[in-house]
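K.L.:
Residue numbers (the UniProt record's numbering), protein chains in the order written: chain A, 1 to 208; chain B, 1 to 208.
These aren't lab readings, by the way, just hints derived from the structure by calculation.
Do not rely on the hints blindly, as some may be mistaken.
The list treats identical chains as one, so a pair stands whether inside a single copy or across any two.
Calculated pairs, SDA-like style, for lysine to any residue (alpha carbon to alpha carbon, straight line, at most 25 Å) [as the list claims (entries may be wrong)]:
1) K113 to E160
2) K81 to G204
3) K25 to E190
4) K81 to D189
5) K12 to L175
6) K113 to Q201
7) K81 to D120
8) K113 to L175
9) K65 to Q201
10) K12 to M92
11) K81 to E135
12) K25 to D120
13) K25 to R50
14) K12 to T96
15) K65 to E190
16) K65 to G152
17) K113 to G204
18) K113 to G152
19) K25 to L194
20) K12 to V82
Residues per chain are reported as follows:
Number of protein chains: 2
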Amino acid sequence: MGMDATAPEDVKTPRTERGRKTMRKLLDAAAREFGDHGFHEASISSITRRAGVALGTFYTYFDSKDAIFRALVADMSEAVKVAAREAIEPDMDALTIERAALEAFLRFAAHNKEVYRIIDEAEFVDPLSYRTHYETIAERIAGRLASGGEEGAMRAGLGEVEAWALMGMNVFLGLRYAIWADEADPGPDEVARLANRLLQQGIGPARD
Amino acid sequence: MGMDATAPEDVKTPRTERGRKTMRKLLDAAAREFGDHGFHEASISSITRRAGVALGTFYTYFDSKDAIFRALVADMSEAVKVAAREAIEPDMDALTIERAALEAFLRFAAHNKEVYRIIDEAEFVDPLSYRTHYETIAERIAGRLASGGEEGAMRAGLGEVEAWALMGMNVFLGLRYAIWADEADPGPDEVARLANRLLQQGIGPARD
């Protein structure tokens with residue numbers, strides 16, 4: 001996780017290791033607080049209590065509840081990216097990368113269920129963060145599809161439409177199989193296998 | 001559109017044609033009010049003003065702001081279903097049906113942009129309506145996939161995973177190309193064509 005260079009302007013980047021740890025505690029506490037109560041009911045004092053830091057310490061890092069919410073959305077975008085990236089091995093072809101990235105995302109979402117509520121609430125609390133979150137992911141997927149076409153592991157000419165289609169698949173499979181998971185459901189590996197089969201060959205009649 | 005037999009209990013079904021028209025006016029006004037201001041800022045008096053009916057008339061049909069919001073989500077679910085269904089011709093095969101349904105949905109969303117904001121806000125205002133909306137659509141898609149497998153226009157064995165994948169594709173293509181549309185974007189027919197090609201043959205390398 002961890003803030004990256006795109007941190008919003010109303011967030012102060014800590015200069016020391018101790019500062020980074022305190023900011024991490026505040027972001028993790030904010031994820032629980034916003035996840036449990038939503039933006040409007042959440043309070044800065046509850047966040048600092050959950051983080052085990054003094055109320056005044058909050059303002060060393062963030063200007064407002066809006067600021068930490070915005071930072072948290074950026075932080076969660078980064079966490080989703082890292083979870084997918086860590087699942088990718090150097091020798092995977094482009095289609096296998098999509099399968100591994102989806103399986104990793106499903107596992108990440110199952111262990112970080114508040115991520116859906118917080119990103120989804122950004123549509124209302126901070127529309128620009130919401131849109132940036134999805135546009136950034138779509139661009140990353142479009143880049144992978146372009147590489148896949150170049151290396152011959154995918155057909156050539158895939159672009160933005162296919163990237164948004166793929167992102168939508170992944171988001172809704174996460175909603176159903178990570179957030180609204182049921183005991184009888186297939187596991188992340190099986191969901192990713194079936195979704196990847198759709199990507200590999202579509203859902204048209206068998207052609208062999 | 002129009003309320004169907006699944007109207008929530010706190011909504012009174014009108015018995016006369018005039019009553020049905022008044023209820024329709026209230027629902028259309030509520031769509032604009034919730035779409036413009038969101039649930040929390042919206043007021044019953046603004047809804048009746050937009051609808052051109054007396055404040056007291058509201059309570060002939062709905063118990064509360066929550067009740068009309070819930071009725072509106074059900075009404076929009078129904079409208080999405082009808083828009084897709086009207087695009088389907090009797091002689092279409094199962095894959096062509098998916099293409100026509102997506103194109104119709106993209107056109108519907110472009111002309112009813114508030115539908116995204118209202119359905120998405122239901123996640124926070126009325127979580128059960130939100131979940132029911134998507135579960136109902138997924139079941140309908142799963143039914144179409146099963147028919148497609150039976151008639152040989154799709155491969156056999158498609159199920160819930162593919163239904164949620166397809167729904168996610170459609171929702172995110174609508175978000176990108178209907179709600180966040182840009183002048184330079186491909187039109188609904190081209191977006192539906194590319195998405196349908198993904199469904200027909202996947203994104204794997206050409207196999208011919």
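K.L.:
Look at each hint and say if it fits the structure.
P.N.:
So, going through the hints one by one against the coordinates:
1. K113 to E160: Classified as between: cross-chain Cα gap 21 Å, same-chain 28 Å, threshold 25 Å.
2. K81 to G204: between (31 Å within a copy, 23 Å between copies)
3. K25 to E190: neither (34 Å within a copy, 47 Å between copies)
4. K81 to D189: Intra 19 Å, inter 32 Å, cutoff 25 Å: intra-copy only.
5. K12 to L175: Classified as neither; 33 Å inside a copy, 33 Å across copies.
6. K113 to Q201: neither (31 Å within a copy, 33 Å between copies)
7. K81 to D120: Cα proximity of K81 and D120: in one copy and across copies (17 Å, 23 Å).
8. K113 to L175: So K113 and L175 pass the 25 Å test inside a copy (9 Å) and across (22 Å) alike.
9. K65 to Q201: neither (47 Å within a copy, 47 Å between copies)
10. K12 to M92: Answer is neither; intra-copy 38 Å and inter-copy 58 Å both fail.
11. K81 to E135: within (13 Å within a copy, 28 Å between copies)
12. K25 to D120: within (22 Å within a copy, 29 Å between copies)
13. K25 to R50: Within one copy only: 9 Å inside, 47 Å across.
14. K12 to T96: This pair counts as neither: shortest intra-copy Cα distance 39 Å, inter-copy 53 Å.
15. K65 to E190: neither (40 Å within a copy, 42 Å between copies)
16. K65 to G152: So K65 and G152 fail the 25 Å test inside a copy (47 Å) and across (55 Å) alike.
17. K113 to G204: neither (34 Å within a copy, 32 Å between copies)
18. K113 to G152: Result: close neither inside a copy nor across copies, 36 Å intra and 39 Å inter.
19. K25 to L194: Neither way: K25 and L194 sit 37 Å apart in one copy and 44 Å across, limit 25 Å.
20. K12 to V82: within (22 Å within a copy, 50 Å between copies)
The structure fails to meet hints 3, 5, 6, 9, 10, 14, 15, 16, 17, 18, 19 from the earlier list, while all remaining hints are met.
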